[in-house]
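Number of protein chains: 2
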Amino acid sequence: MQFKLTSHEENVSVITSIAPQFGLYNHCCRSNFDALHTLVKDDLLDVNSTIISKMQSSIELIPQIAGHIVTSGGKRLRPMLTLASAGLVGYEGTRHIDLAACVEFIHTATLLHDDVVDQSNLRRGQGTANAVWGNQASVLVGDFLLSRAFQIMVADGSLKVLKILSDASAVIAEGEVHQTIIKNDLETAETAYFQIIENKTAVLFAAAAQIGAVIAERPEREERALEAFGRNLGVAFQLTDDVLDYSAEQLIRGDDFRDGKITLPVILAYAAGNDEERAFWRRTIGDLKQNEEDLTHAQSLMLHHGTLSKTLKRAREYANAAHRNLSLFAPTAHRIAMNEVIDFCVDRVY
Amino acid sequence: MQFKLTSHEENVSVITSIAPQFGLYNHCCRSNFDALHTLVKDDLLDVNSTIISKMQSSIELIPQIAGHIVTSGGKRLRPMLTLASAGLVGYEGTRHIDLAACVEFIHTATLLHDDVVDQSNLRRGQGTANAVWGNQASVLVGDFLLSRAFQIMVADGSLKVLKILSDASAVIAEGEVHQTIIKNDLETAETAYFQIIENKTAVLFAAAAQIGAVIAERPEREERALEAFGRNLGVAFQLTDDVLDYSAEQLIRGDDFRDGKITLPVILAYAAGNDEERAFWRRTIGDLKQNEEDLTHAQSLMLHHGTLSKTLKRAREYANAAHRNLSLFAPTAHRIAMNEVIDFCVDRVY
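Here the protein sequences come in this chain order: A and B.
Okay, so the first sequence: first residue is 234 according to the working numbering, each after it adds one.
Okay, so the second sequence: first residue is 234 according to the working numbering, each after it adds one.
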């Protein structure tokens, strides 16, 4: 069977039919993030204050642009991992606040540079910094935030933390460059894709979580467990993100498709496709020659071959590994909240 | 008198007439850089090896792009300041090699991001990384090099050095953002211009020189003297650069003019101009509406008002201050070579 969908009505009906099989509309899962949010609420307020105060500069455009992205409704997932890990291992100091802000600055710098890179016009429904202020400002304010993150780490004074986050920062850049190389390349191997998402996404999750154990001076095995938890969670998160870009809730975006980005749902669909389907992928993703109805057709091919559900299944495997990583720790309120965040990351609907 | 030059012949004759009054053709000055070059030759070979080895990555595009700019004929002026300072204060270890490479990586990252920013197509006569590989790769490889610089510093293990270079890196970004803000703004105050060149250029010169004293654990006053030397040299260097962009040797570029960049020669020419001249500057620099002969006319206005020679005079004042900073040290071969580099930076013809 081959899907030939052209009208908006058919599009909607197909996507609606995909959703239940993924549990994408499992709204109860929203609360899973709230549990952790409640636990680290006070810390998170401090992190937000730190972010606002540390992004200041005598050059007023810097906090304007940084603020545009820092306050654009992000979930602060990465800094929350630092707060959660610190709480999990019983850390009682205040260093986790500044270091969580560092993690968010590194992430924000990546977003600012990613906007230049992908020439995307929308992120979370707002105009990107790039679209509003141009490439120049996005790149330079990203540089400022990355440098500011290192200044904060230096003030914190731990060479170990500096090593973790400078290593992460270099690996993120490698992952991003690697991603630009495979763009439009439908022959990309699954292993290359997994290497990229581990580097560009999971490494910062891992570093964010590991830092909590480092500042609490916990034993090596706890540090390693939290690092692995973050890494597995990050991969699960990115796999889910790559599914969501083709899902109903994200229909207004379809950014990955329009950019010719190679993600697992595409790799699997191309591998499973017949000659005609492969020609479709080569035209739309390989050569970026796209018609209005192509995204809908891409989604229908993914439904036909089950590549979105296969990708989500992989996400679930990584999520399960993250759960196992946390099993080293006693089932405190923090651990349970972190378990819930894992599930939230693979079940989220936004 | 007002210049109305339109033909290429007049252009050449005017520019040739500017040069002698600046001493731009004082070719004996080339050797001034060679003295330092000879002194630090072995160290510089080690720095170059370090640069090549530390820019490696499993993502082959990274050393390709980094190598394009790292090996494109730059003088390694900034890392040489670290080597020179270390030699000046009698440092006998090997840390200056890696840290000089860090300084060059930070500078290279700035160049890669600057190419994106200015959409310039040529740097030192070669296609920019941006022109060859696109904005994406330039930004991301710049990020990689900046992160790699911090990794090297972390391995070196000095929080003081990390503070100096992370502070420098943040200030450079502030200077670059500030520069984009005043672009095309002819009402820019001289003080704003000097703030920008101090931030975007002189701060890295200062940091590079200071590090030599830091790793040799020299007294605070020597550290401060080398920091001030670098800062004054950096301002002198940038002022000279801004003159050269309107000089005969650089006629093939005129990048600043075409970009509508506000530099001291322009600020002074606009301030001294009559109504007609100000209208010219507003059209060409303010609105970027330029004809083929406008650069020549801009140069003739600068000649008329002596703004290039006034700018070079300011450069010379900063150079003299740099000489005074070095007077704290005994007139060893290293100090004399550094004195010669100061003169070279304001007298250079390339």
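I should point out that these hints are in silico values taken from the structure, not numbers from a laboratory.
If you're wondering where the values come from, they're calculated on a predicted model, not measured in any experiment.
Even for Gly, the Cβ is constructed at its ideal location relative to N, Cα and C.
Incorrect hints may appear among the rest.
[Said to hold, decoys possible] A partial selection of chain B residues facing chain A, derived with a Cβ cut-off under 10 Å:
1. 407
2. 568
3. 569
[Unchecked claim] Here are the in silico distance ranges between beta carbons for each label pair:
4. A:388 x B:452: 23 to 29 Å
5. A:565 x B:282: 47 to 53 Å
6. B:327 x A:326: 34 to 40 Å
7. B:327 x A:521: 32 to 38 Å
8. A:389 x B:289: 28 to 34 Å
9. A:271 x B:425: 28 to 34 Å
[What the hints assert, rightly or not] Some but not every residue of chain B turned toward chain A, in silico, with C-beta under 8 Å:
10. 294
11. 372
12. 376
13. 380
14. 488
Discussion item. Less than 8 Å between beta-carbons is the criterion; does residue 380 of chain B satisfy it with respect to chain A?
Written reply: Holds, because the Cβ-Cβ distance from residue 380 of chain B to chain A comes to roughly 4 Å (cut-off 8 Å).
Discussion item. Holds or violated: the 47 to 53 Å window for the beta-carbon distance between residue 565 of chain A and residue 282 of chain B?
Written reply: Roughly 51 Å apart at Cβ, these two residues keep to the hinted range, so it holds.
Fill in: residue 488 of chain B as chain A interface residue, shortest Cβ-Cβ below 8 Å
15 Å, violated
Worksheet item: Taking the closest Cβ pair, is residue 569 of chain B under 10 Å from chain A?
Response: 35 Å, violated
Discussion item. Given residue 407 of chain B as an interface hint, is its Cβ closer than 10 Å to any Cβ of chain A?
Written reply: 5 Å, holds
Practice prompt. Starting from the range 34 to 40 Å, see whether the pair residue 327 of chain B and residue 326 of chain A falls in it by beta-carbon distance.
Written response: 36 Å, holds
Worksheet item: Should the hint that residue 389 of chain A and residue 289 of chain B are 28 to 34 Å apart at their CB atoms be regarded as holding?
Response: 29 Å, holds
Worksheet item: Is the interface hint for residue 568 of chain B satisfied, with its Cβ closer than 10 Å to some Cβ of chain A?
Response: Where the cut-off is 10 Å and the nearest Cβ of chain A is about 31 Å from residue 568 of chain B, the hint is violated.
Discussion item. Tell me if the beta carbons of residue 271 of chain A and residue 425 of chain B are separated by a distance inside 28 to 34 Å.
Written reply: 47 Å, violated
Item to complete: With a cut-off of 8 Å on the beta carbons, see whether residue 376 of chain B makes it to chain A.
Response: Holds - the Cβ of residue 376 of chain B comes within 8 Å of chain A, reaching about 4 Å at its closest.
Worksheet item: Taking 32 to 38 Å as the hint, is the beta-carbon distance of residue 327 of chain B and residue 521 of chain A inside that range?
Response: 50 Å, violated
Fill in: Restraint outcome when residue 372 of chain B is required to lie within 8 Å of chain A by C-beta distance
5 Å, holds
Hint compliance for this structure: hints 2, 3, 7, 9 and 14 are broken, all remaining hints hold.
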